[in-house]
Each structure stands twice: as C-alpha cells, then as structure tokens.
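Residues per chain are reported as follows:
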Amino acid sequence: MKKLLSCVVLIIVISNYAKAQTGLLKFTMGYNLASPMGSFKTNYANGISPRGFEGDLSYGINNQISLGIGFGFQDFYQKFPRAIYGIASNENVSAVLTNTIQAVPIMAKFTYTPLLGKPVTIQPYFSAGAGVSFNSFNQYLGEFSWVNSSTTNLAFNADGGILIPFKKYNVSSAFQLGVGYQYINFNQALANNLNTINIHVGLILPLRSN
Amino acid sequence: MKFTFKPGWFLLSAITFLLLQGCTKNITSSYSYPDTRIYIAQRDSTVQYNTFKTFSVSDSITIIDNGQTYKSLTTTGQAFIDAMIKYMKQNGYTLVSNTANPDLGVNLSYINTTSNSVIDMSSYLNYYGGYWDPSYWGYGGYGYYSPSYYGTYQINQASLSINILDLKDAVTNGNRIKIIWNGLIQGEGIDDATTADTQILHLFQASPYLKAN
Numbered sequence: 001m002k003k004l005l006s007c008v009v010l011i012i013v014i015s016n017y018a019k020a021q022t023g024l025l026k027f028t029m030g031y032n033l034a035s036p037m038g039s040f041k042t043n044y045a046n047g048i049s050p051r052g053f054e055g056d057l058s059y060g061i062n063n064q065i066s067l068g069i070g071f072g073f074q075d076f077y078q079k080f081p082r083a084i085y086g087i088a089s090n091e092n093v094s095a096v097l098t099n100t101i102q103a104v105p106i107m108a109k110f111t112y113t114p115l116l117g118k119p120v121t122i123q124p125y126f127s128a129g130a131g132v133s134f135n136s137f138n139q140y141l142g143e144f145s146w147v148n149s150s151t152t153n154l155a156f157n158a159d160g161g162i163l164i165p166f167k168k169y170n171v172s173s174a175f176q177l178g179v180g181y182q183y184i185n186f187n188q189a190l191a192n193n194l195n196t197i198n199i200h201v202g203l204i205l206p207l208r209s210n
Numbered sequence: 001m002k003f004t005f006k007p008g009w010f011l012l013s014a015i016t017f018l019l020l021q022g023c024t025k026n027i028t029s030s031y032s033y034p035d036t037r038i039y040i041a042q043r044d045s046t047v048q049y050n051t052f053k054t055f056s057v058s059d060s061i062t063i064i065d066n067g068q069t070y071k072s073l074t075t076t077g078q079a080f081i082d083a084m085i086k087y088m089k090q091n092g093y094t095l096v097s098n099t100a101n102p103d104l105g106v107n108l109s110y111i112n113t114t115s116n117s118v119i120d121m122s123s124y125l126n127y128y129g130g131y132w133d134p135s136y137w138g139y140g141g142y143g144y145y146s147p148s149y150y151g152t153y154q155i156n157q158a159s160l161s162i163n164i165l166d167l168k169d170a171v172t173n174g175n176r177i178k179i180i181w182n183g184l185i186q187g188e189g190i191d192d193a194t195t196a197d198t199q200i201l202h203l204f205q206a207s208p209y210l211k212a213n
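Residue numbers (the working numbering), protein chains in the order written: chain A, 1 to 210; chain B, 1 to 213.
Quick caveat, the hints were computed from the structure, so don't treat them as lab data.
Predicted model, so just to flag it, every value in this text is computed and none were measured.
Note that the Cβ used here is the ideal one computed from N, Cα and C, for glycine as well.
Please note that a few of the clues may not be correct.
Sample of chain B residues facing chain A (criterion: CB under 7 Å; computed from the structure) [claimed, not checked]: (1) 24; (2) 25; (3) 35; (4) 45; (5) 187; (6) 189; (7) 201; (8) 206.
Simulated pairs of lysine-lysine, DSS-like, Cα-Cα distance not exceeding 25 Å [to be verified]: (9) 79/A <-> 25/B; (10) 211/B <-> 25/B; (11) 41/A <-> 168/B; (12) 71/B <-> 25/B; (13) 211/B <-> 71/B; (14) 168/B <-> 211/B.
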C-alpha cells in the first residue's frame with residue numbers, strides 16, 4: 001500500500017514537472033550591472049554601470065525551450081579630468097570631458113532550460129538573443145554638449161545562470177541570477193562595438209498559463 | 001486551453017519603464033563650477049608668435065550685455081587683466097605702454113547673454129571697432145579683421161573673450177589690425193576674481209605656441 005501511495009505521489013510530481021513551462025507566458029524583470037570591455041572601456045566608459053535593467057517576455061514551447069522578446073536598458077557615464085583637446089587645426093579646448101551612452105537593446109530571445117521537468121531544485125538556464133539596440137551617445141565639453149548622436153545597431157547577447165523557484169516543483173515564479181555577454185555594433189570612431197559583461201538578478205513572474 | 005490574465009504584472013512593467021526615465025545620470029550633478037567651464041584657444045595658423053616681443057593690455061574691460069556695451073573696470077576685471085599680463089610676461093613678452101608702439105595689443109570683453117542661444121562670434125567681431133577704438137593703440141582710422149577661427153557654442157550665461165591684436169603689422173596688413181588669437185571662456189562662475197588667474201592659465205596651457213622665444 002505504501003509503495004502504491006509513493007508511486008501515485010511520484011506520478012503527480014512528475015506530471016507537474018512535465019508541464020513546468022509548456023504553454024506558460026512569463027515575464028522576467030531584473031537589475032543589471034554592466035562592465036564595459038575593450039575599446040568601449042578604454043575610450044568611452046571605464047567603470048561598471050550600475051544603472052540598468054533587463055527583462056524578457058517568453059513563451060514556453062516545451063520544458064526545455066522558450067522563445068520570446070528580450071529587452072534592456074543601460075546607462076553608461078564617464079567623466080574624464082580636465083585635459084586639452086585639439087578640436088580643429090587651429091583650435092584647442094581645455095575642458096572636463098564627459099561621455100554618456102544609453103543603450104536600449106530589443107532582441108529575439110531563445111532560452112534553454114536543460115533540467116526543467118526533472119526533480120532539481122535549482123535550474124540552470126542558457127539563453128541567446130539577437131536584435132537591435134537603440135543607442136544614444138552624448139559627449140560634453142564642460143557643461144556644453146559637443147557630440148549628440150542616436151543610432152540603431154545590431155546587438156547580440158549570450159547569457160547563463162540559475163533559476164531558483166519560489167515554490168518547489170513550480171518554475172512559473174522564480175528568482176534568476178545570471179552572467180552574460182552583450183555585443184552591440186556601435187560603429188563609432190573610438191569604439192567599433194559596445195562590449196559588456198553583465199551580471200543580473202531578476203524575478204520571473206507568470207503572465208498567463210494554460 | 002484557458003488563459004488567466006494577471007494585470008498586476010503589466011502594472012509592474014509599466015512602473016519599471018517609468019523608472020527607466022529617471023535612470024540616467026545627470027552630468028551636471030557631479031560638476032563643480034570649474035568643471036562646467038571650457039577654455040577655447042583659437043589662433044591664426046599663419047602667424048609666428050615669436051616674432052612679437054612687446055605687448056600692452058587695455059586698461060578696462062568692455063561689457064557687452066545683451067547688445068548694450070560699456071567699459072568697466074571692476075576688481076574682477078582687474079584680476080583678469082593682471083593675469084593676462086602675468087602669463088604674457090611668463091611667456092617672454094615685454095609689457096609696454098599702449099603709447100609705446102607695442103607689437104601686440106590685448107583686449108578683454110565680457111559678453112553677457114540672458115537667453116539660451118548660440119553665440120555668434122562673427123557678429124560680435126563685426127562691431128569690434130565700436131567696442132575697441134583702434135585709436136587707443138595709436139591706429140586711428142584703422143579697422144579690425146580676423147580669420148574665421150571663431151566657433152559657435154551654446155551658452156546660457158556669460159563668456160569672457162580675449163583677443164590678441166597684431167599691431168606691429170597693421171600697416172602691411174592694409175591698415176587693418178588683425179586679431180591673431182582669441183581666448184574664450186564659457187561656463188558657470190566665470191566672473192570671479194579669485195579664479196581669474198587659474199582661468200587665464202587654462203587658456204595659456206591650451207596655447208603652447210604663444211611664446212616670444
């Protein structure tokens with residue numbers, strides 16, 4: 001009798017795993033830290049940006065794969081000490097130079113959760129995205145805007161981390177912790193791209209379920 | 001298939017996006033008054049500055065206040081004049097009286113605007129003879145002219161413009177006094193005697209060619 005009861009419980013649990021994300025529309029929103037790399041770090045912003053968000057809206061095709069739209073926002077700021085800049089052949093400017101860049105990527109996103117549907121409390125995930133980023137770049141000499149440009153560029157993202165469900169055997173609501181790499185084809189004079197390593201924490205919340 | 005709509009999450013996302021609007025760093029919040037200032041040094045590339053040896057500085061500052069002009073000599077104005085004399089001397093030029101045929105003349109003008117507009121330096125220079133009578137330098141009846149090396153910059157308060165004039169070659173330049181260097185200071189808190197020396201120093205640091213030797 002005990003064996004039968006155990007089997008019934010196991011079947012119920014497995015069936016819950018089995019539909020853990022299939023048909024579920026989820027919303028993820030989180031805080032993001034971005035650390036510039038390469039020429040972006042050298043020439044535009046050499047510090048970690050603590051002003052960012054990222055998230056996605058995804059639909060579970062099955063337990064391992066969900067597809068959706070990823071989005072984000074990151075604000076980069078760098079103030080350089082006063083220096084002399086040659087801005088024309090006969091013109092020099094002594095100024096404190098400040099760069100600000102705001103990037104808003106929007107991407108098609110693929111997420112793979114290899115262990116979803118299995119009795120594992122902490123779920124690893126991997127995701128990749130491709131799309132565009134709407135970028136705004138401003139450069140100030142003193143308090144005066146010197147360069148002001150807005151561009152739309154290709155953007156790619158790869159990300160991995162863990163999901164910790166709030167309820168055991170139910171990942172429709174979970175805490176997310178991840179590390180990712182983002183590439184934005186910036187195509188400006190001093191930086192071909194905006195490369196960043198991102199660390200983010202977020203919440204996954206259900207919007208609709210079947 | 002039955003879907004359950006949960007409007008709370010859409011509210012959450014709306015709030016999040018509103019937060020994004022306040023998520024950019026305000027650049028001026030981390031700026032002190034000196035940080036806001038820019039010091040623009042523009043020169044005539046055809047001029048050899050070491051061919052000049054003596055200079056004289058005007059004894060007052062022209063105030064150009066929203067189209068009204070007058071001459072003034074305040075403590076702050078004197079501090080800027082003193083600083084110009086100091087750094088011209090440090091760079092090898094000899095101070096002489098304006099009646100002793102100086103090679104170079106130095107004029108200072110304080111331009112005050114109350115609108116947030118772009119300074120048109122060319123229109124300011126078109127009336128330069130009205131602000132600074134060439135007879136002060138002993139060249140009555142002459143006019144001023146300059147190459148087009150003045151840029152335009154957006155300002156919302158005030159700027160200090162300093163011109164160095166080629167008096168030595170006024171005759172060979174067709175009876176015109178050529179403006180061979182312009183220093184322009186813009187930003188917050190310019191009108192401050194305690195920082196006049198540092199402000200002029202920044203202009204000279206941006207003008208390493210401005211030497212008599």
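Violated hints - listed by number, lowest first: Violated: hints 6, 7, 10, 11, 12, 13.
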